[in-house]
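As you go down the protein sequences, you meet chains A and B in turn. Following the numbering used here, the numbering of the first sequence begins with 1 at its first residue and continues without gaps. Following the numbering used here, the numbering of the second sequence begins with 101 at its first residue and continues without gaps.
The set of hints was computed from the structure by calculation and includes no laboratory data. Among the clues, some could well be false.
Stated by the list, open to error - Pair ranges (Cβ atoms, derived):
id: 1; chain 1: B; residue 1: K751; chain 2: A; residue 2: E72; range: 56 to 64 Å
id: 2; chain 1: B; residue 1: F722; chain 2: A; residue 2: K96; range: 18 to 26 Å
id: 3; chain 1: B; residue 1: A704; chain 2: A; residue 2: I30; range: 24 to 32 Å
id: 4; chain 1: B; residue 1: I707; chain 2: A; residue 2: L29; range: 52 to 60 Å
id: 5; chain 1: B; residue 1: K751; chain 2: A; residue 2: L53; range: 48 to 56 Å
id: 6; chain 1: B; residue 1: L726; chain 2: A; residue 2: L53; range: 56 to 64 Å
id: 7; chain 1: B; residue 1: I707; chain 2: A; residue 2: I30; range: 56 to 64 Å
id: 8; chain 1: B; residue 1: T715; chain 2: A; residue 2: L4; range: 54 to 62 Å
Even glycine gets a Cβ: it sits at the ideal position worked out from N, Cα and C.
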Amino acid sequence: MITLNHYLVLATLLFSIGVFGVVTRRNVLIIFMSIELMLSSVNLVFLSFSRFLGQVDGQVFVLFVLVVAAAEAAVGLGIIVALFRNRQTVYVDEVKILRG
Amino acid sequence: MLQWVLQYISFETFVWMILAFPLFGAVVNGLRSLVAAVRKKETSHFVTILFGCGAPVLSFVVVATVFVVLLGFTSHSMVTGPLFQWALLDDLIIDIGLKIDPLSLVMASVITGVGSLIHIYSVGYMGHDKGFTRYFSYLNLFLFFMLVLVLADSLVFLFVGWEGVGLCSYLLIGFWFEDEEKAKAGKKAFVVNRIGDAGFLLGLFLIYVTLKSANLDLGGDFFNFDTLKGYAHVLIPVATPVCLLLFFGACGKSAQIPLYVWLPDAMAGPTPVSALIHAATMVTAGVYMVARLSFLYTLTPTAMSVVAIIGAATALFAATIGLLQNDIKKILAYSTISQLGYMFLALGVGAFHAAIFHLMTHAFFKALLFLGSGSVIHAMHGEQDIRKYGGLSKRMPITTWTFVIASLAIAGIFPLAGFFSKDAILWHTYNSNIILWGVGFAGAGLTAFYMFRLIGLTFFGESNMDEATLRKVHESPPSMAVPLLLLAVLSIAGGWIGIPEAMGGSDYFHHWLGEVLAYTPVHGSHTEELVLGGVSFLWAAHFAIIAWMIYSQKRDWPTRVVEKFRRLYWLIYNKYFVDEIYDVCVIRPIRNVSERFFWKISDAILIDGLLVHGTGRAVQFFGRILSAVQSGVVQLYLTLFLLGAVLLLWKILY
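Here chain B stands alone, though its shape is the one from the complex:
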């Protein structure tokens, strides 16, 4: 089959097909949606599904083929030649090209694999929506940009994907833009991301300036990853600011303190979107970027510490907020923020492979959690408050048990996927800094607690609905159930490729990424690692059991506990008032300065008044003076003419 394809196109072209399929799907469905809107007609669902779901599946097939082909080589890496030259300046050439290596292959597989499942799920979930075709167009476009992000061979091309996914995220959060709240959530996500992107851009500029002033003969290709890696020593003096600025961009995209506030609001979008963009793929772009630049980050212990501290802080902070949320998607959103914190913690302590490992397993089980919650919301006709659920396990068994599997995985229960990845992170953190380990360890317990609180309240115990509503609850259609089952399998088995040597595995995943990522070796013994794994397993498991018991059987207990810690409860319940603090400290000052100075003074008086209207008035003024000469009295004209003639004569004669 592959041989037949390669008769007609080169292997490089074949690799480009990964990007071509989603883009094609996006364009086709986008045009169909536009035409349908102009003609005021309905689009055919069948054609939409054909292109919308066909594109990611084909793309996945190509990725898998490339994966298998590269397994046969020793280096596992390749670069396609430049497709075209994007920018050509005196001292700067930017080529558009792809880089295929173990890291980007893992990312691309996750994106296209999980992406395909979510596309299929969307067929059932969005089936009744009138924006069906538009939705698939956006989703395919997102997939295209995300693949650009992870396959790009230069930092600038990566930034193209980075901005593209931001755009698609905005479009999909505000997908139901008739609702002003949802449109606002999209805007918030966009603006917060822009703040981070400013940092990213400054980082790029700093790299450019530094490399330029070093007068190297790079052939102008500054931002290519291979070039950057080769000339990393030139960047040592500016490594700390560059890494911090780029990390600030990652904070925006990956929802870390201080820029995490957009992610909970992003839950306004359709649930499959939350699963794909705001859990599995886009939000991990920051983690990918830092891992991709691991050769740069390892040069600067300061930036690494900052990454680790921010990651650990976010992991714990978001987990505490997740404890008390009542909206099913908000809980999952804070859980996502918290898990992303773990990934950054891993990056910060130098365990880059553990971060990518957790990124992958997290994509599986968090996508599953979101799709499961979507299944529940679908069955409950849009109700998202978990206090109004309860006892759903009998009505929707597939959703319930896949959800439980995902929760066990995220809580880090042996032998599911999340256990191995989280254990790898905690183990490396333990060897690096015991305080950070403590924070991560506490967060792991909280993760188990809030997930099983969610499960206890939603699926088990007494139902909080009346009989009639409960009877109407039904299991989701096959197009939604099948992705759930497949993701459940991945959530169970996805971690087995990274079983550490201490547990009798070969840590295959680590070796697979070894040729790309920098690595800080750990000194702990295998016994220690085993004990630590056992401890964190027991720690998570007992929290999971307690939470499940309390919230499915003894639902009045929490109320009594809350009575005792009223103040703390109030603080956490309101999410530490971070949004309000930002409002007072950042948004309002900016608004006030903008309104009072930039608008009323600078714009209205200076630019409009003085420059725009001022120019007009000046011309009018001189015009009025000159127009007095045109009195309409012919004799005056003649007099002036004579005067001129006499003066001219005077000038000529003397």
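For reference, chain A alone in the conformation it holds in the complex:
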């Protein structure tokens, strides 16, 4: 029997993997993918609770998140392309002009 807890643990694991990726990887594309992973894990939580509570609100939310994520992916990839054009790199530690 797969309970709510199983889903939540899986989502937490996915989220943690995403955070780990964002924090540790240098390649901005992989950071981007990790962010997508985090979003997906949150979607999973929404769906689980929607099912568990028998309400559709969570599913509506997921649809919204998906739409926003798609837009974000477009913008994000645009930024990455612009970054590469300007700096010829995709490694974030080489882009430190905000250093205090």
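Please build the complex by placing chain B on the supplied structure of chain A, with the hints as guidance.
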């Protein structure tokens, strides 16, 4: 005429006009001078003279009118209501108001009268100066502050005038400020006066504290002279320190030992300024102040003795220095210090009216002496060394004879003005303390000697100039000669209003001031007074004749006398090295402490280093630590953000 004026304004307002005219003149000429300086244009002399000389003359007319009006009343005194309230605190109200009484009327008449003559004289003397308008602006401003000083109805308002005349004195001594020596002389006068003023202020504070702690219901008006007089008994415990502190202020303003050093240097200013400020009016402010507070001074024999001793000492001390000076204005400066000493001597022995009497006659003949010396300097194109004069009497008769009259007056020759006033002082001193009388008597002889030395060397005997220079010497223009003549008349007749009863007069001046000033009666008989007057007359006269003979006929005698007293000569010639002693004992220690401690340690290290730069460095230091966090690596930010989120979560959950 007066009735017509009084249709439109009240009599109080009319009295305020005394102050309004000079202030107006000062403002107008000051603005004109400023505008001219900005536009780089010349100002019109005519307009300057119109305002500059019109103001004091009108002011004099008002004073004279008020004088005549008040003669018709029994009390001769009045106070104008407060013009406005200057300060209003919980327990202190200071009103700005004027007090007209016999004392302030005498002072105001002398100031505006002699002041007007000196203004007119300045037209001729300063005619070629490019600062003509500025000069008249300062001079009018001085007149305004001096009138504030003598007409003020409270000690605080008096202090306003006191500081104002100090400022004008500074401005006028340093009038030719391009010359560094002259600018320095102005600075010296200002600083020395400030030292005295510190004493004056402390005196004011002491009065305030004492009256405040007595919990009287004064209506808050602490410093009004009438209030002070009414509550003088409350001040008895502190009368001695208060009087000594105020006297210290008077020492600064009136050039008494130990603060007299600024006055000889003040001669750097234009000569009419020396006549008006440093002889006739401003330097007598201290005498006026003590006389005004005579009700306070009579409470404390100690302070009175100090005043008398300092006065007598200054009178003799300055007279000896005057004997050997060669600069015509310096001689007159030391003479002024010496005569001011006589006034303080009179104050100290309780003869307040004699001090004011001498103040008035001194204003006449000392102004005349200075204006006469100005006339000589003008004719000699700035030469001030009397050894380079000689035989000027034929070339400039008016100057010579008015100068001789003034010298006879200051020497105390009967029946000129100085005789009566000086005699009154010596007579009261004789009745009070025989030693002080001896000092004053010796000083009187020296006065006659140095004045006639000056006359002998300047106007008579062989000329020390070459023919060409002598031929170019000319009598001064009418604008300068007329004031000389008028002052000569005053120097002769000015003393006749105070002829003592012993000599068949009525001592009118004394009775006139009697209602204002405290008075210590004397016990000597009329015969004694007559004998004493005769003795001091002969004493002064024989010194005058000797000096005149030696310095106009036998000029090699002094050189031989000097040979015998080489050391004494050297000491006096260098003015007892007082300036040098002050330099070593006061100025240098202060300079050293200021430089080594207050500047290098306290200011540079403590304030600048530790506080100012220290604050900056501390902020910089912490800033550098914190800026390390802003590495520019986005992942680090994110890590910190996560850490924060986790901590927050932790806090919320547990």
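Hint by hint, here is what the structure shows:
1. A hinted range of 56 to 64 Å is violated for the C-beta pair K751/B and E72/A, which are about 30 Å apart.
2. Take F722/B and K96/A: their Cβ atoms lie about 23 Å apart, and the range 18 to 26 Å holds.
3. Distance hint for A704/B and I30/A: a CB-CB separation of about 59 Å, inconsistent with the stated range 24 to 32 Å.
4. Here the CB-CB span from I707/B to L29/A is close to 58 Å, well matched to the stated 52 to 60 Å.
5. A hinted range of 48 to 56 Å for the beta carbons of K751/B and L53/A is inconsistent with their spacing of about 28 Å.
6. For L726/B and L53/A, the Cβ-Cβ distance of about 46 Å falls outside the hinted range of 56 to 64 Å, so the restraint is violated.
7. Here the CB-CB span from I707/B to I30/A is close to 58 Å, well matched to the stated 56 to 64 Å.
8. Range check, T715/B to L4/A: Cβ separation about 59 Å, and the 54 to 62 Å hint holds.
Going down the numbered hints, you'll see the structure goes against 1, 3, 5, 6, while the others check out.
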